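K.L.:
Based on the hints, put chains E and F in the right spot on chain L.
Take a look at the letters that make up each chain.
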Amino acid sequence: MDYDVIIIGGGVIGCCIARTLSKFDLNIALLEKEADIASGTTKANSGVVHAGYASPREYIKRDMCIVGNKLYTQAVEELNFPFQRIGSFVVALEDNQINKLEEQRKQGTQDGVPGLEVILDKARIKHMEPNLTEEVVGVLHAPSAGIVSPYEMTYALAENAAMNGVKFFRNQRVRKIKHKNYTYSIKTKEKEFKANNVINAAGVYGAKISKMVGLDYFNIMPRKGEYMLFDRNAMHLNKVLFPTPTKISKGILVCPTVSGNTFVGPNAQNINDKKDISTTAAGLKEILEGGIKLVPKLPLRAAIRNFAGLRAVPDTYDFIIDNTDVYGFINVVGILSPGLTSCYAIAERVVDFLELLGVNTKVKEDYNPKRPKPEKFKDFSKKELDDKIKEDPAWGRIICRCETIPEKEILNAIHSPVGANTVDGIKFRCRPGMGRCQGGFCRPRLIEILSRELNIPYEEVVKMGEDTNFLVGKTKEIVLHKLKGDNVE
Amino acid sequence: MKKYKADVVVIGAGAGGLAAAIEVKKAKLDVLIIERDKELGGITLQCIHNGFGLKEFEEELTGPEYAQRFINQVVDLKIPYLLDSMVIEITRDKKVYAVNNKEGLIEVEAKAIILAMGCREKTRGAINIPGFRPAGIYTAGQAQRFVNIEGYLPGNSYVILGSGDIGMIMARRLTWEGCKVKAVVEIQPYVSGLLRNQVQCLEDYDIPLITNYTVTKIHGRERVQGVTISKVDRNFDRIIGSDKFFECDTLLLSVGLIPENELTIQAGAELSKNGGPIVDENLETTIEGVFACGNVLQVHDLVDLVTSEAKRTGKKAVEYINSRYGKELKKKEIIRCVPGENVNYVKPDVINKQNISQEIIFTFRVKYPDRRILIQFKDENNNVIYKKKKVYVIPSEMIELNLNLDTTNIQPNCKSITIEVIPRLEVLIEED
Amino acid sequence: MSESSASVVKVIRCIVCPTGCQIQAISKGSNIEFEGYTCQRGLEYAQQEYFEPKRILTTTIRVENGFLPLIPVRTDKPILKEKLNEALNEIAKTQVKAPIEMGQILIENILGLGSNVIASRNLTKK
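Protein sequences, first through last, are from chains L, E and F.
Mapping of the first sequence onto the working numbering: residues 2 to 490, in sequence order.
Mapping of the second sequence onto the working numbering: residues 2 to 433, in sequence order.
Mapping of the third sequence onto the working numbering: residues 22 to 147, in sequence order.
Everything labelled a hint here was simulated from the structure, so no lab data went into it.
Please read all numbers here as calculations on a predicted model, not as lab measurements.
It is possible that part of the hints are untrue.
What the hints assert, rightly or not - With a Cα cut of at most 16 Å, we get these calculated EDC-like pairs of lysine to aspartate or glutamate:
| no. | chain 1 | residue 1 | chain 2 | residue 2 |
| --- | --- | --- | --- | --- |
| 1 | F | 98 | E | 342 |
| 2 | L | 363 | L | 26 |
| 3 | L | 363 | L | 380 |
| 4 | E | 6 | E | 31 |
| 5 | E | 368 | E | 342 |
| 6 | L | 485 | F | 107 |
| 7 | E | 103 | L | 393 |
| 8 | E | 4 | E | 151 |
| 9 | F | 98 | E | 61 |
| 10 | L | 475 | L | 461 |
| 11 | E | 95 | E | 8 |
| 12 | F | 146 | E | 427 |
| 13 | E | 103 | L | 392 |
| 14 | E | 388 | E | 427 |
| 15 | L | 384 | E | 90 |
| 16 | F | 31 | E | 205 |
| 17 | L | 286 | E | 238 |
| 18 | L | 298 | L | 135 |
| 19 | E | 112 | E | 85 |
| 20 | L | 212 | L | 323 |
| 21 | L | 483 | F | 73 |
| 22 | E | 218 | L | 277 |
| 23 | E | 181 | L | 385 |
| 24 | L | 123 | L | 96 |
| 25 | E | 181 | E | 151 |
| 26 | F | 104 | F | 73 |
| 27 | E | 123 | L | 232 |
| 28 | F | 147 | E | 151 |
| 29 | E | 3 | L | 385 |
Isolated chain L, as found in the complex (with noise of 0.2 Å):
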């Protein structure tokens, strides 16, 4: 078939973009060359939702960051993602940094940051966040920062997209586009994808595919971040905490996270290679020191994770949303930080441009912008889990102890629209393998259910796409086969 739109992307961008999409009466595919959505970018940032004062007045992304921002309130209600507005501190060490502050303060609330204050009362600012450092001299507060499960965000923005009809297509990356009589011809390694409209939401690919229809007009530069994550139950921030930002970058938080557990990062470093994520010592050691800085007292010994991931840098450092020279592909593209922030408002761009197209942009009647709130075992009281489990026993079988997950949530997620089919895309979705142990105890439990459920043997179980399997064989399988194999000779 012809699809009217097809997002290249299956990120935040490409699922946001997807979702406000879904409501117009159109034939939309999102493709995504991993095996599962939100396995780039958006998997390891910060999930921070900035409040919006950060970013140069000439950049647009600085505007698109303020009104995201507010369109969270919305989004969380019709979506129910894990979001919780926390506020944030700029920390300031020294007297000459407060002049900074003042200024953001003073150009933020002129553009519309709501609630901006600068705090010197010491004893105001330790109150609202014990963790904080002594050394604090004085804090920007924005009330309107929150923090945000970037993934958990991405998978509810995909269901709530393929229960209005868009097709999810993963495990396809696009290795080439043609542009013929306003037609798009989309190649994959096994498929072809036809579309009127591209949107190209490539995340760190995205010069690449636009190179594709021959738009060479920006680079984009991989920037590595490297981050820590704490247990638990060793620190609780109430805040998010930046410190007084550098040039290049919003520099090293201390942060919350959804699930309350704290973490420090990222660094930023350039790199070359795409697929390079990993951590690195001089990394982990840099993030460690910048992290103590504002927060004395890091639990390092409650670490539970190391981890990175990349930011797609454009060499104009600003977004780059284009409706082309090339008729009918839009690129969305260079989404660095507040890229998260601006998902919402960055749709309602591609949708002014997609109007200008004569894309035809009514509103569906059955339209539901509704995504149910994935059931919980932790939200329920004993009474109504009691009822759960005699309703269906999957409730009642715990596959992760540490954060107390039933065999039900583990279902759902792979079996909901855009579902889960690797062990990560459970981890990611409902938080088996998160916890203190690491999936020391639920891994063997959660290829059984894969395998089980998506009718593979334990050894096709993957963790997070081809070449990741977890087994090599069966027990015995080796010694057999060296058998034979002399048997033979």
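P.N.:
Below, chains E and F without anything else, positioned relative to chain L:
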């Protein structure tokens, strides 16, 4: 909601839970065991190597054989147990809530609770190894579960980080299943586990043991392709220029065990620095009527000592029910037990003064190995109240000491005892 | 008396007790003598280790229709170390049926070495 009532509820059916439950039943009290796995036996079921039972049965058994002895007693004594049942909450008033998929939510009301949840393994994230996060990284216990219980092999070629017994045992196990184990890497200058395992698991198979090294990078984006190991100095910092690369498709981590006390914290009991609950000489936690035994209390190396500890715990829980349950709490005078020089932790953490004329079993571990040492008990005024010689001590062997404090020089107003392990004076003179 | 005809052919680390004596097997003419042991058990261990090293084999056997796909097993007597690989191959080829009782002989007199492979636990049917 299904309700159960018992005199004692035991959480966990490993070696600790089984032995404790048996003691309680032998004393003719009602006991219920709650176990999260699909059968009784705990971690010993996957420890299919031998070396168990030398103290308890004076025989050398494999882990499953050891467990079977206790499972048989549980069946013979008709002790009720719940399988596939996860305890999700212990309330501050000692109610235990669990779930399984047959009975739904379960509430257990008991006069006493015995915690026997065991421990979990330290992970890669906990020791901050940098690199990629591919498939192919396992803890030794996870790999053991797959190979011995689930029936699957995690990989073809391995590097094992950590020379504890689990790591060395798995080195041999995997070799016996046709896999290639390239090296066992140990950050300390000495092997962590038993010499017997070093000989029979590593040397027998020419698997190199590389001490003073650790894994500093993991390679491979989708699946492990190799690891870089580096030599470390005394502060465990990487020595530049010492990197070695090993090609492998699996990294096994045997880097430490942590008592699993999430429920204990929830119940309101206090934890001590070793990760287990604070207990007195009765193995009772800071919550009246809640006891602990086995790896949840302190990580053991010999399952036989888990059994003897669990038997004591069972007996103490019975004593509690028969003489103290329901009675008004008397204000207890306590003596604190403090780890001193070269001692990592001590159990019990406190002693009730009224019980100092009973035999108390002290257990502790040292921080670093030493030979020809003196174990000394000192009071808060530095007076030595007891001492004992020992030929050698190493961190991987827990030390057990039976002592009746009445036979020592303990003063009546003693408030704390420090236990230290120091070189013997005559040895120091000799070495001059 | 001549020392030149004596040479250390093997160093054996005794595992009988935690002391871990290093016992040397020294060839003197056509004899092997042992030095470095501090007790009789150590000497006996070293002699066995040198002349006829044996090991208890602990592994698993595949089970048809069992509650678990494998049953842990062990040899009821130590077997020659040099035969371990062959024994493992035999065991890999074997499959047994549930139910099985602990102690049940699953492979009798494996490789004719006088040791049986026995079950280490009970295993019920699926």
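K.L.:
Hint by hint, say whether it matches the structure.
P.N.:
Hints, verified against the model:
Between residue 98(F) and residue 342(E) the alpha-carbon distance is near 45 Å, which puts this suggested pair outside the 16 Å criterion. Restraint check for residue 363(L) and residue 26(L): the C-alpha separation of about 7 Å stays at or below 16 Å, so the hint holds. Note on residue 363(L) and residue 380(L): the hinted pairing is violated, with a Cα-Cα distance of about 38 Å set against a maximum of 16 Å. For the hint pairing residue 6(E) with residue 31(E), the CA-to-CA distance comes to about 9 Å; that is within 16 Å, so the pair holds.
Distance restraint check for residue 368(E) and residue 342(E): the Cα-Cα separation of roughly 9 Å lies within the 16 Å cut-off, and the hinted pair is therefore satisfied. Between the alpha carbons of residue 485(L) and residue 107(F) the distance comes to roughly 14 Å, so the proposed pair stays at or under 16 Å and holds. Distance check on the hinted pair: residue 103(E) and residue 393(L) sit about 10 Å apart at the alpha-carbon level, within 16 Å; holds. Distance check on the hinted pair: residue 4(E) and residue 151(E) sit about 33 Å apart at the alpha-carbon level, beyond 16 Å; violated.
With a C-alpha separation of about 11 Å, the suggested pair residue 98(F) and residue 61(E) falls inside the 16 Å cut-off, and the hint holds. Of the supplied pair hints, the one linking residue 475(L) and residue 461(L) holds, its CA atoms being roughly 12 Å apart against a limit of 16 Å. Taken as a hint, the residue 95(E) and residue 8(E) pair is honoured in the structure, with Cα atoms around 12 Å apart against an allowance of 16 Å. Between residue 146(F) and residue 427(E), the direct Cα distance comes to roughly 63 Å. Violation of the 16 Å bound is thereby established for this hinted pair.
For the hint pairing residue 103(E) with residue 392(L), the CA-to-CA distance comes to about 11 Å; that is within 16 Å, so the pair holds. Of the pairs offered as hints, the one joining residue 388(E) and residue 427(E) holds, with about 15 Å between alpha carbons and a cut-off of 16 Å not exceeded. Annotation: proposed proximity of residue 384(L) to residue 90(E) holds, straight-line Cα distance about 14 Å (limit 16 Å). Proximity of residue 31(F) to residue 205(E) is assessed by CA-CA distance (about 14 Å); at most 16 Å being required, the pair is judged to hold.
Of the supplied pair hints, the one linking residue 286(L) and residue 238(E) holds, its CA atoms being roughly 12 Å apart against a limit of 16 Å. Using a Cα cut-off of 16 Å, the hinted pair residue 298(L) and residue 135(L) holds, with the two alpha carbons roughly 11 Å apart. Between residue 112(E) and residue 85(E) the CA atoms are separated by roughly 23 Å; this puts the pair beyond 16 Å, and the hint is violated. For the given pair, residue 212(L) sits about 14 Å from residue 323(L) by alpha-carbon distance, which is consistent with the 16 Å threshold.
For the hint pairing residue 483(L) with residue 73(F), the CA-to-CA distance comes to about 28 Å; that exceeds 16 Å, so the pair is violated. For the hint pairing residue 218(E) with residue 277(L), the CA-to-CA distance comes to about 13 Å; that is within 16 Å, so the pair holds. Taking the CA atoms of residue 181(E) and residue 385(L), the gap is near 51 Å; set against the 16 Å cutoff, the hint is violated. With a CA separation close to 13 Å, the supplied pair residue 123(L) and residue 96(L) stays within the 16 Å bound.
Distance restraint check for residue 181(E) and residue 151(E): the Cα-Cα separation of roughly 20 Å exceeds the 16 Å cut-off, and the hinted pair is therefore not satisfied. For the given pair, residue 104(F) sits about 11 Å from residue 73(F) by alpha-carbon distance, which is consistent with the 16 Å threshold. Of the supplied pair hints, the one linking residue 123(E) and residue 232(L) holds, its CA atoms being roughly 13 Å apart against a limit of 16 Å. About 14 Å separates the Cα atoms of residue 147(F) and residue 151(E), which keeps this hinted pair within 16 Å; it holds.
Between residue 3(E) and residue 385(L), the direct Cα distance comes to roughly 14 Å. Compliance with the 16 Å bound is thereby established for this hinted pair.
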